[in-house]
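At position 429 of the sequence shown (counting the first as 1) the number is 428 in numbering that gives the first Met the number 0, and the numbers step up by one without a gap.
Think of the hints as simulated: they come from the structure by calculation, not from any bench. Computed from a prediction, not measured in an experiment: that's the story for all the values here. You may find that some hints are simply not true.
Stated by the list, open to error - Computed Cβ-Cβ distance ranges for the label pairs, DEER-style:
{"#": "1", "residue 1": "Ile436", "residue 2": "Met476", "range": "54 to 64 Å"}
{"#": "2", "residue 1": "Asp199", "residue 2": "Ile154", "range": "42 to 52 Å"}
{"#": "3", "residue 1": "Pro101", "residue 2": "Asp199", "range": "20 to 30 Å"}
Said to hold, decoys possible - Listed next, the in silico SDA-like pairs over lysine to any residue satisfying Cα-Cα at most 25 Å (straight line):
{"#": "4", "residue 1": "Lys268", "residue 2": "Arg624"}
{"#": "5", "residue 1": "Lys693", "residue 2": "Asp675"}
{"#": "6", "residue 1": "Lys670", "residue 2": "Asp713"}
{"#": "7", "residue 1": "Lys594", "residue 2": "Gly608"}
{"#": "8", "residue 1": "Lys481", "residue 2": "Gly663"}
{"#": "9", "residue 1": "Lys497", "residue 2": "Glu477"}
{"#": "10", "residue 1": "Lys503", "residue 2": "Gly569"}
{"#": "11", "residue 1": "Lys481", "residue 2": "Glu501"}
{"#": "12", "residue 1": "Lys19", "residue 2": "Asp437"}
{"#": "13", "residue 1": "Lys693", "residue 2": "Asn262"}
{"#": "14", "residue 1": "Lys594", "residue 2": "Gly569"}
{"#": "15", "residue 1": "Lys589", "residue 2": "Lys665"}
Where a beta carbon is used, it is the ideal one built from N, C-alpha and C, also for glycine.
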Amino acid sequence: MAVEITDAGSHIHRSHTLAKDISDALVIRERNITLVTLRNGDIPIEENYGYGLYYHDTRFLSGYTLRINGKTPVSILSSDEKGYASVTVLTNPELSDLNGRPIDKATIGIRRDRFIAGLLSEAITIENFNDFPVAVEISLRFYSDFDDIFTIRGITGSTEGTVERATYNAGTLVIPYKGKDGHQRNTIISFEPAPSDVSDGTCRFYLSVGAKAVGRVALQARVEDIPPGTMYRPEPYTLERRLKMVKASYVETMECCSNVQTNNEIFNKVFLRSLSDLRMLYMMSAGDVFYSAGVPWYDALFGRDSIISSIQVIPYNPAISKSTLQLLARHQGKVYNDWRDEEPGKILHELRVGEKANLDEIPQNPYYGSVDSTPLFLIGLAEHIDWTGDMGLFHELEGNVDAALAWIDAFTDKDGFLRYSERSTFGLYNQGWKDSIDAISHADGSLARPPIALAEVQGYVYMAKRRMAMLYDRLGMEDRAKRLRKDAANLYWNFNEKFWMEDKRFFAQALDASGRCEVISSNPAQALWGEIVDRAKAEIVIGRLFEDDMDTGWGIRTLSSKEVRYNPLGYHNGSVWPHDNSMIAMGLGKYGHKKELLHLFTSMYEAAGFYPIYRLPELFGGFQREDYGIPIKYPVANSPQAWASGSVPYMLTASLGFRPDALGRKLTLMKPALPDWLLRVKINSVHVGNAAAKLEFQRMGESTLVNVMEKRGDLEVDVVY
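Take the sequences, apply the hints, and build the full model.
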C-alpha cells in the first residue's frame, strides 16, 4: 500500500539558497551525478548553501540527514579521495537506547560508505562496541527542492514547478517534481531492509544490535529526468557491473596517462590527485567526453575551461582534447542571437540543460558570451595536432576553423584587437576569463566600458593565427598562411605600441571605449603565453610581475595590491588562480625565464600541500604568504575545478620544456629545468604522434640533464640546454 509523505519537499521551498561556504565539503562525482555534503555525510536541510545531490543542473536531494536516537552523531573521519566514492566514520554522543538504557559516548560506531555508479549507493554500518546489546533508532530524513543551479547560486528566483507529494511503498520512497518545462523529475530512494516507520519525510529503522555485533542499513538513490513525450530508460547494467566499470575506468585513465614517477612522494601525490580529479570531472554529452568546468557551480560544458584544461594535460592524456574540440564544433554559433550573444563562427561559453535553460529563462542553452573561447578553440586544435599529428581532425573541423577565423576578423577593430560587448539582457558584462562585473577597471576604480579589448585575449588571437598559419603551410595553402601571418604581425606591433604603459613599465589590463585601463594585473602576464610581448618589454614585465604587490609567495595575484579595486578575497580583483599561474608559467618558459617559472611552480606545489588530499581549488585568497603562512580559502570556490586540477601537470610540462612536432616526428626539450625539491622525473611514455619516448630528467646542481631511455617508433628527441 502506498503512503503519502507530507514533508519531503512539497511544503518547504526556498526561493534563494545563496551559497556561503562549501570549502570543507565532501564531494563525490561520476559522469553527470554529483554529491556535495558536510564532512559528516549530511546534506543540511536548513541553511543548505549549495549542498545536495545533483544531476546536471538540478538538485534532486537538498536535504539528507542521519540521526541516532534523535541525536547528531560525532564525525571522526571522512575521505572522498577516490572521487567516485567516500567514507565517513561517526560515533555516538551520550544517549539512552530505546529501552532507556544509558549508552556512553563513543561506544557505537557508524560508518557511511558511498559510491556513485549511475545512482548513489550508500551502506550504513552500525557497530556496537559495548558488551551488551543496544536498541537504537537510525532516522534518515530526506528533502528535495529540485532547484536549478542558477537559483541555488542566487542568480535567479525559483522556476516554481510543482514538488508533488512524496509516496512510500514497499521499501521505496519517491519524491516527484513536475517541471514547468514539462520534464518529470523524480528522486527515488530504495531501502534494504525496509524502514520500520515512514512519516514526515523521515525513514526510521529500529535496530537491535547485539554485543560486539553489527547492524546494517543500505539505500540507493536514483534520479530521473524524463523529457515530455519520453519514458524513463533504466541503466542497462547491474549496479555491481556499473561500479566495476567505474573502477576500471579510473585504472585505465591512470594507465593511459603517461606514467610520471619522481623522487618526491608528496609531488607524486599532488600530480596523481590532479589527474584523478580530472577523471572525476569527466562528463558526457551525446557520446563525447569532456571535462566539466568544476563542482558544484560550473558542472557543465564551458568552452574556455574545457579547452584550457584539455591543453594542460595533453602530454599525459591526449584523448579528451579531441572529443572536446568535436563537441564544441557541433555547438559553434550559426546565427546572430542577442539573447545568447551568439554570432556565426563563435565558440560557446556555457551550455546548461536544466529547467531554466529548457524554458529559455536563462540564455545558457548555449550561451556564447566569451570573447576568448574561439581563439582558444584554434589553439587547442593546433596543440592537439602538435602532440598527435592527427590532421584528420583538422580536415574534419576545417569548416569550423574557417568560421572561427571569420568570426575573429569580424569582431576585431582597425588595429586588429578583438573586442567584446554584451548584447544579452541576461548575459555577461565582462567576457574574458575574468568575467565578474568589476573585473576590468581603470586606475581610479571606474569600470571599463565596452567595447573592451583584453590584453591576454590579443595574445590568444596572435597565437591562434600563427599556429593556424603553420598548419596551412603544411597543407600547401601558402596564400592563406601568409595572410594570417600578416594579421598576426600587425596585431603584434599594435599590441606592443598601444597596450604599453611607459610610465608604469607594464601593459594595460585592457583597452575600453575611452582608452587604456591602466592597472597592474595578471592579464598581460598571460599575454606571455601567447608570445605577443616584445622580447625587450617582456624582460621589464617579468621583473615587475614578481614584485610584492603581484607575487604573493603562493602565486601571482589577479590584481596588484596597490590598485583601488584590490581585494584579496575578490573573485578576480586580487585572488590567486592556479590555472592563471600555470599559463603564466608556460609563458615564462617560452621567454626563457626558467628561474621565475620554477618559482611559480614551487609556490603552487607548496600551496597544494595545505589542501586536503592535495586538491587545488578554483582560487584562493591573495594574501601575502608571510601574513598567515598558509593559503587562505575562498569560501565558495569550486573544488575540484578542471583547470585548477590541470595546473600542476601544466607547470611540469613547462619546466621540462616540451615542444612537440608530431607531423615532423620530433620532440624538442627546450632548456629543461627542475626545481630543487624535484631531483628526478621519469616519464615512461611520452607520446608524440604514433611514436613514444621514455625519458628521465635528473637535476645535477643548477642543471637538469635528460636521458632518453627508450624510443618506440620514428621520433627524434632533441635536447636544448
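A quick look at each hint next to the structure:
no.	hint	result
1	Ile436 with Met476: 54 to 64 Å	42 Å, violated
2	Asp199 with Ile154: 42 to 52 Å	32 Å, violated
3	Pro101 with Asp199: 20 to 30 Å	28 Å, holds
4	Lys268 with Arg624	23 Å, holds
5	Lys693 with Asp675	22 Å, holds
6	Lys670 with Asp713	23 Å, holds
7	Lys594 with Gly608	21 Å, holds
8	Lys481 with Gly663	21 Å, holds
9	Lys497 with Glu477	30 Å, violated
10	Lys503 with Gly569	23 Å, holds
11	Lys481 with Glu501	32 Å, violated
12	Lys19 with Asp437	20 Å, holds
13	Lys693 with Asn262	17 Å, holds
14	Lys594 with Gly569	29 Å, violated
15	Lys589 with Lys665	18 Å, holds
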